[in-house]
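Chains as they are written, first to last, in our numbering: chain A, 1 to 295; chain B, 1 to 308.
Hints are computed from structural coordinates only; laboratory data are not their basis. Incorrect hints may have been included.
Stated by the list, open to error - From the structure, some residues in chain B lie toward chain A, with a derived Cβ separation under 8 angstroms:
#: 1; residue: Ala97
#: 2; residue: Ala98
#: 3; residue: Leu99
#: 4; residue: Lys127
#: 5; residue: Met130
#: 6; residue: Leu131
#: 7; residue: Val133
#: 8; residue: Pro134
#: 9; residue: Ala165
#: 10; residue: Asn167
Ideal placement from N, C-alpha and C gives every residue a C-beta, glycine not left out.
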Amino acid sequence: MVTQHNREVFACATNPLGLDGIEYIEYATSKPQALGQVLEMMGFRPIARHRSREVMLYRQGRMNIIVNAHISALPRAVQPTETPVISAIALRARSAAMAYHHVIEQGAWAAPTHVEVMELNIPAIHGAGDSRIYFVDRYNDFSIYDVDFTPIPTVDPHPPALAGLHFFGIVQYIGTDRMEDWTEFYTRLFAFQLLPDNERFGILPKGRVLRSSCGSFYLQLIGPDSEIGNVEGDELLQRVGFGAPDVPAAVAALRARGVCFISAGSHQTDARGALTQNYLGSLMFEIVHDERHKL
Amino acid sequence: MKQFRSSTDDFGMDTITLTGPLPAKLQAVRGAGFSQIMLLARDIVGHDAGVEAAIRAVRESGLRVTGFQVLRDFEGLSGHLHEYKIDIAKSMLEMCAALGSRVLLVCSSTSAHATDDRDALARDLRKLAMLAVPLGIRIAYEGLSWGRTINEFHDAWDIVCRANAPNLGIGIDSFHIFATQTPLTKLDALNPQKIFLVQLADFMWNEIRSVEERITTARHFRVFPGEGVHSDQVAELVMRLDKLGYRGDYSFEVFNDDYQQMPMERVCARAIRAAEWLGEDVLRRSVPLPNRMRLKSNGPLSAQGKAK
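This is chain A alone, in the form it adopts within the complex (with noise of 0.2 angstroms):
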């Protein structure tokens, strides 16, 4: 059986896992300098390194970006190319361990970690194509970078956010007639909640969108093109979007820092949103308009 850490968890019937919100993303890449230049472009600090392997942790406001170059010895774990991928997502949750048993014992599958001495073993699940969800519960008095990671001297370990920068949400590709298979695994699994179609963020409102069981973070599936045909497309996390509670002050100010936007037919920046240009082959952030400062 499993034991109830912390039986406050269940209380909660809309939010099982006691999710709270985003700790980090993580993009996987063998060219870790190129994706953290355009990190800090984006206004990212790099914060800390990680005690054994060439990974790198960036940080700006409450969101954390950790830039992977280490190449895995693990099965269906993303390896590190020249493109950035995005390898996985760790979502706080009340307890961790709570949270994983909860899942495997509804049918998500274990991936397994490998753990140096001293390190922490964070658990973690298979997501969408080769990319993993990590659960985590130390945010708060204590880190989990404060094990894995010695920090940069010199460096402010809490750089502000830009323009009030913020997790917003993941867009997630989808293979043709997968639509409903990724919404029972998101619903089921993480009670996430379907958002009915008229209610879309931003400037890029294809697919579905789910609302986290936190009510703090989105996810849009979006399936291949109808219009190109039956094409079965990768599945993959594709972007991540960052909230802003002035779009257009969020874009001066990126641009300011040498970001530049997609200005192409639907894709007009507006007080809704914007969307990045691609950086390094499939890297592209979503600004989306969004009040909350507190993410």
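Once you've looked at the hints, dock chain B against the given chain A.
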């Protein structure tokens, strides 16, 4: 190119029918004019050059994989038996995905250790379906006619409905329907979008008197559609499914000891005759319309043009 090539596109053979090494089976099935094949796990694992080579052979064969079989005695177990079967299921799912198969066939449990609680059976299949989601696989749940609790397709459908998972559907096998003499009118209650696989076979005698005889017949004496004594029912089955809106694959699930000691080409020739009978004479799928458009079947149920 065979004359009726496009009318037989939705029909495929099963490696279970043939004897010989996997590459030879693939070549014989392709050579006979089929475009798809159902794969038995044993044919993959038992390949002389290993599983990786077997997967490569399938992917290079030019054949589409209809589905992968078979996960047995999965649902209704508890404790360590459940955990054991979850491990087996994961292994099957990973092989299924590696082969490019979108369907895993699961037969209803025969295990005396399994519960008959239908909600528990549904819960286990829902879990299996969830395991299949990241791999892009659909689970076809088939009521084996000697299944302990679930032994007719409408019972399997009940479990599928209880589980209510988008990638969990039903697998239909004509043999089991004829063996249990389940009325074909019950097919009309199915949602055609949730029929993930249809397997067709006939046999040579009218009645099966015992469960033991049913198992023996199923495993040794099946024949291709049009070769047995239930041709009218086979025709009615596919016409009912077609009318219902089923547009998926039909796989010939023919276990036959005689066919296993015949040259593969001879067996495949019998199979293609069955496909031509079903495609041309029963479903009247004429050639060649673009984008797989199909004429609806019409006319009376008839097996007059059946392969013999």
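* Tell me, in ascending order, the numbers of any earlier hints that this structure violates. => As far as the earlier hints go, 1, 2 and 3 are violated by this structure, in ascending order.
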